[in-house]
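> Starting from the known structure of chain A, fit chain B with the ligands onto it as the hints suggest.
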Amino acid sequence: MIEALRAEWTKTRTTGGIAWLLTGAIAVTIAVSAGIAAATHVSPQGGQEDPTKIALTGVYLGQAVVAVFAVLTISEEYGTGMIRVSLAAMPRRLVLLAAKAATTTALALTAGILAVTGCLLVGRLMLPTAGLDPAHGYPLISIGHSPTLRAASGSVCYLVLIALLSLGVATALRDGAPSIAVVLGLLYLPPLLAQAFTDPLRRHIEQIAPMTAGLAIQATTDPHSQPIAPWAGLGVLTAWAAASLLIAALLLRLRDA
Amino acid sequence: MNDAIIEVTGLRKRFGPTLALDGVTFTAPPGKVTGFIGPNGAGKSTTIRVILGLDAPDEGHARVGGHPYRDLRNPLRHVGALVDAAAVQPSRTARNHLLWLARSQTLEAGRVDAVLELVGLAAAARRKAGGFSLGMRQRLGIAAAMLGDPPVVILDEPFNGMDPEGIVWMRKLLRTLAAEGRALLVSSHLMSELQGIADHIVVIGRGKVLAEAGIDELLARAAGEQVLLQTPTPAEAYRVLHRAGGVTTIIDDGALSVSGLAARQVVAALGQSDVVFSEVTTQRPTLEDVYFQLTSGEAEFGTNTVQGAQR
Ligand SMILES: Nc1ncnc2c1ncn2[C@@H]1O[C@H](COP(=O)(O)OP(=O)(O)OP(=O)(O)O)[C@@H](O)[C@H]1O
Ligand SMILES: [Mg+2]
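Sequence order for the protein chains is A and B. UniProt numbering applies: residue 1 is where the first sequence begins, and numbers increase by one. UniProt numbering applies: residue 1 is where the second sequence begins, and numbers increase by one.
The shape of chain A in the complex, shown without the other chains (with noise of 0.2 Å):
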């Protein structure tokens, strides 16, 4: 295992496009986050406000990115052939996407640290501006607030789950366009389409669906305000990621290179 690990991490570090990819994810991240702060005006009126959630918005479209760079990091050696070499070295197949698995998950645990203490404290900077100050009875964003603690370290956990998802995709589906549309589908029409229902379908739609649900773990100020309790809703995430590991791993192992 540790030579497979040696192995992926080295991949990793000399393939050019993925050092891209994970600034770009930061960036685009920490940018969605400041863009929607200095958007946000607040009534004078309080108390109604997420700021912690507000400043995490960005991850809304950061993990865009994350499961951009999680599908190419399989993809790609199938796109190019490039998987049979990495086959006949490792046969071991299960090793190989546990080992693909680790390097994903200390870049995206890494990108994801960086875009969220770049959200916290560009909320913690811009928010006030916009009205959320402690004047009005919103205190300074501050990660030692435990609700803020856990939507913070949920988001990061969120965004790993997220490149997990997207590994176990595209490990089953080999190609990466058809695997990047499939994850970015599996984000972003369910929310879209529980609009389309009323209570309670709607509501059930959403405690399912792998970003509404995940993204519970967001909210610090009222959590009933989410369809799902926040650990819960990255338990459903979680599941969501196990679920397309265990049918890559089933179909790496079963079909033929």
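Don't read these hints as lab results, they were simulated from the structure. Since this is a predicted model, take the numbers as computed values, not measurements. Treat the hints with caution; some may be incorrect.
[As the list claims (entries may be wrong)] Residues from chain A shown here face chain B by an in silico Cβ test under 7 Å; the list is partial:
#	residue
1	A7
2	G79
3	M82
4	P91
5	R203
We treat Cβ as the ideally placed atom computed from N, Cα and C, and that holds for glycine.
Quick look at chain B with the ligands alone, frame taken from chain A:
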């Protein structure tokens, strides 16, 4: 090196309607270049993928050094293979491509530089593989195959895209590797590419092994090969050679032509019976002729395709 052997037994493999392998059995012995020859679609690449554990056969099995490939730990130290020269990440440098492979086998980075040197890519080591010509990619593929200094080397169409200089280099390398005791399996659809370097030939057509033999036997077995010799006692020689399985013609007083036996078999048979003879020569068909005799009608897309590929 008793690790240096490939044994393929009864491989059968179907892709939908295509029966790609139909009971393929052969052995690539140590210290020899085994030429794996057949027309397009014969099943060469499929066989190689099965040996490498990339494709699972429906029936039969393949062993390398006595073990199924998937059981090998650090397999590149046992088997080096070139399956598809294009299979590199274009944005990665040659050196880094070999480096991740080395890491996967707990090999020193020093091996990377050694094999780059071996294939003559040292100067291009830090260039992106995406910019390599087909010939350079073939060399990179050979470098990857030799990374673990393996006793078994499997190369699928290694001459593809090589310039004449590259072909000469490759032939020499293959001879050297075999002389070191390794088992080499080298596929090609051109017999001429392997003439003079392959010691052992496996001819495959439509998923079946049409012939497996040492190169001399193969040539002798083919219709058209004749051994010519002079002897003062033609009648006696005729009897001896007939008993040994040869078809002998007495050309004129003292000259015989024998078919169905290789020259060394003729010499052995006559020698054992104390028949005096001289001037043994072989009039042999080329490997090319043998190959066409064996594969005519076996090419997946008709013989025309094969001959087209020839020219
Ligand atoms: N993955 C696959 N899916 C479907 N059919 C396949 C697959 N791989 C090989 N085949 C079919 O199996 C047969 C054998 O193909 P293979 O590639 O092994 O031949 P080959 O001897 O390597 O030919 P070539 O000289 O053209 O490389 C062909 O009919 C081919 O179309
Ligand atoms: Mg082939």
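> State for each hint whether it applies.
Status of each hint after checking the structure:
1. Hint status for A7/A relative to chain B: holds, with the closest Cβ pair at about 4 Å, below 7 Å.
2. The restraint placing G79/A at the interface with chain B is violated, with a minimum CB-CB distance near 9 Å, outside the 7 Å limit.
3. The criterion of a C-beta within 7 Å of any C-beta in chain B is met by M82/A, whose closest approach is roughly 5 Å, and the hint holds.
4. At about 5 Å, the closest approach between the beta carbon of P91/A and any beta carbon in chain B falls short of 7 Å, and the interface hint on this residue holds.
5. Violation of the interface hint for R203/A is found here, the shortest Cβ-Cβ separation to chain B being roughly 45 Å, above the 7 Å cut-off.
Taken one by one, the earlier hints fail for this structure at numbers 2 and 5, listed in ascending order.
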